[in-house]
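The residues making up each chain are set out below.
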Amino acid sequence: MTLKTQKVHSAAEMFAKEHLEGKMDRREFMTRVSALGVATATAYSLIGANPAEAAGHSVKPSMGGTLRIQQEVRALKDPRAFDWSQMANITRGICEYLIEYQRDGSFKGILLESWEANEDATQYTLNVRQGVKFNNGDDLTAEHVAANFVAWADKNVEGNSMASRVAALVDEETGMAREGAIEVVDDYTVRLNLTAPDITIVPGIADYPSAVQHKDMIGQDIAEHGIGTGAYKIESYDVGVKAVLVKNEDHDYWGETYLDRVEFIDLGTDPAAWVAGAEADEFDMVYESVGDFVSIFDSIGWNKSEVVTAATVVIRPNQKAEVDGMMPYADKRVRQAIMLAVDNNVPLELGIAGQGIVAENHHVAPVHPEYAELPPLQRDVEKARALMEEAGMMDFEHEIISIDDDYRRNTTDAVAAQLRDAGFKVKRTVIPGATFWNDWTKYPFSSTNWNHRELGVQILALAYKSGEAWNEAGFENAEFDALLAEAVAIADADARREVMAKLQAIMQDEGVTIQPYWRSLFRHYKDGIVNAEMHPKFEINVHNLGFA
Amino acid sequence: MGLFILKRLGLMLLTMLCLTFIVFWLTNLDAKLETLAKTQGSARMTDTEVQQWIANNGYDGSMIGRYGQWLGIVPGWTKEVRGEERGRCLEQGMTFADAPTYCGILQGDFGYSTVLRDDVSTIIKTRLTLTGKLMFWVMIVMVPMALIVGVLAGMREGSRTDRSLSVFSIVTTATPEYVSGVLFIFAVSAFGIKWLKGSAASAMDGLTFANFTLPVLTMALYGMGYIARMTRASMTEVMTAQYIRTARLKGVSFGNIVMKHALRNALIAPFTVIMLQFPWLLTGVVIVETLFNYKGFGWTLVQGASNNDIELLLSCSIVAVLVVLVTQLISDIGYVFLNPRIRVS
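From first to last, the protein sequence lines are chains L and D. Its first residue numbered 1, the first sequence is counted upward by one per residue in this note's numbering. Its first residue numbered 1, the second sequence is counted upward by one per residue in this note's numbering.
To be clear, the hints were calculated from the coordinates, so they are not data collected in a lab. Any given hint might turn out to be false.
As the list claims (entries may be wrong) - Derived list of chain D stretches under chain L, where covered just means 3 residues or more per stretch with a C-beta under 8 Å from a C-beta of chain L:
1) 114-120
2) 324-334
As the list claims (entries may be wrong) - Output of the computed footprint for chain D on chain L, the stretches with three or more beta carbons under 8 Å from beta carbons of chain D:
3) 64-78
4) 103-116
Don't be surprised by glycine CBs; every beta carbon is placed ideally from N, CA and C.
In isolation and in its complexed conformation, chain L is listed as follows (with noise of 0.2 Å):
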């Protein structure tokens, strides 16, 4: 990977040196850094580090040893109707993955040992590692590869979510792969035609659906086969009970792995079973911390691992909504105003108890790979009372809806509050999850939880796009579209940024909405586990865990 040096904040230039100079660890560095909204391979870049390398084996474990998490046990099926990410937290250990999403928002080639798109994304060269066995004694091959890719298209198989993640592959006609769309160049080549420019492909087939099985197992049960590429094997399985994965003693594993023995132990979905179980010494990690346990778990003095996500909650006006006849969210200045008058750290705060860190109002994240960096947003009540007054919409009562939960209701409160302390008139309407949805793109101003995905532009060409069917703030502009069919079809994050730098600038200055806040995940476990940090979409990948 090559990484292009950009103007970075001064503040984590100096974080870099301190460093450097062995004042402040790395985990440390990150945290700082990131938290300036640095991108992380940006922040890699600094120190001189490579970022895969980093975050994926930062620690190398001593060999052996037994883990016990805390996660769910659910039945398995096909990989390809996975549901629930704790069902391939388990199996990664038997069927591994093409690529890999790491937690600092990057990729990294798993069974893949590299790939290539062409300068519009249309064409993808896959480079199969060499040397890798399935444990019945075959050779993964091209073969295997695109089998899997054929598999992944079939739109007949119910539950089959991959293949909406291989949409440029389908041929709509038949819901199978197109003819030639998957072509086996050698012995270790793929190479995918596709359809239409698609840069989202990558992130797909690194998703939790897509684990890579033998070519004559496809559509079965992992839990049944056990055939794979992976270091373990299941031991035993109960659902809903305990899940054990040992060490493959009869499999020559491509790669390396320390643990010889892992065991899944479900507790149920009460966090307070989970604490319960903590104290009890029933487990040494857990999936995912949430809310108020946090602390707790902190208290029990277990280790805490964040992860900030592009997870987050928009709080926007719908620029084509009517209101009493008029289209009040169609002046511009009407909506720079309402942003003005927010400052992002409130809703940060008071939504979510500042677990997350400030957002910039253009819905992308720093863990983005394509993330560029804009100056800081800054409150300014004046300005915005300014605007508001010329577009003449002082007297303008704003009814601002949200669903009745916890932290979106309480974060819409906070940007409530802050327009009324700017003098605007406001009215908070809190509508019941069970009828929220009904109408949620269509309200005049509201807020709505999104997400993460893997991809700056997926977001972007998702909901911001004219005429998209999750197009909530109303927003059309021919610039930012034409803008986003480039980005869309440039593979390369680093070369992306220039285009999304535009893009983030547009978002902004159309006072498109508020995004407050990008949410942290959080996971605990014991002292002397390494690489069991938590993961923005909740992975955990067996063969990294171990003990220090």
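Place chain D on chain L using the hints.
Leaving out everything else, chain D in the frame of chain L:
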């Protein structure tokens, strides 16, 4: 006596048939099948995919027919899905030719659990054994304690011992498991008690005093108060009987009166109550097992119900009927031995 037991067995079979049919009907409602399809297939399936899944997995056709298949009096369904032979009686890799025609409970096949991915008979056996252990220890703790408290309280009605023990038993009975269990877990963590554990997940691999005390105590305390109250009531009644007074007038010592004359008569009523505790324990374990993460029969029931696991729920209801009616039978027969005035006919 023989005829009485036979009649009871007949009644048991009839109850099972009715109950399982009701459970079958409730779990096979259209909306429930959709839930099943979504948990088994994928949560994001579309309506057409759901219908396809239901058809491909033999949940279409008449409900009575499917109930017959489960009983084993109607041939199991067979279907060819995209070249693959599927059927009720087909195990992994079997073809139509080598699968049996009937496979229901009459053939000893209790079916397959869709959520726990195992044969229902294996699951019931493992989980019931775990619950059996729990119930055994609950009984060991609960029954002697309850009888001692009840007899001590009922010996001298209105005395200080009676009042304080009655208050104790009322408090324990009035505190449901979900309250006392949570309080226990809280106490263990708040006071940093290390020799007791607020979670019993490890008890499934090996029982220890530390991991099993709290679940046993939670259940035992709740039942204990009730039995103690019953014993006390029965004891006070006996203590006012004419023959006790006669014994006292004859100069028999108080200890002897209680042990030799009162106790046997006073235990008739609690005996029935204790037998009634068995079916109650079977439902009470639902809360305690969930609370302490001890995965026995109660937990299985919850899993089956929340995932609409049809065949698992059916077998659970059979077990429930079995436990209720068998303990009632024992209670009725035992009553005859304790009270010679009663006769079964």
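Hint compliance check: list the failing hint numbers for this structure, sorted ascending. The structure breaks hints 2 and 4; every other hint is satisfied.
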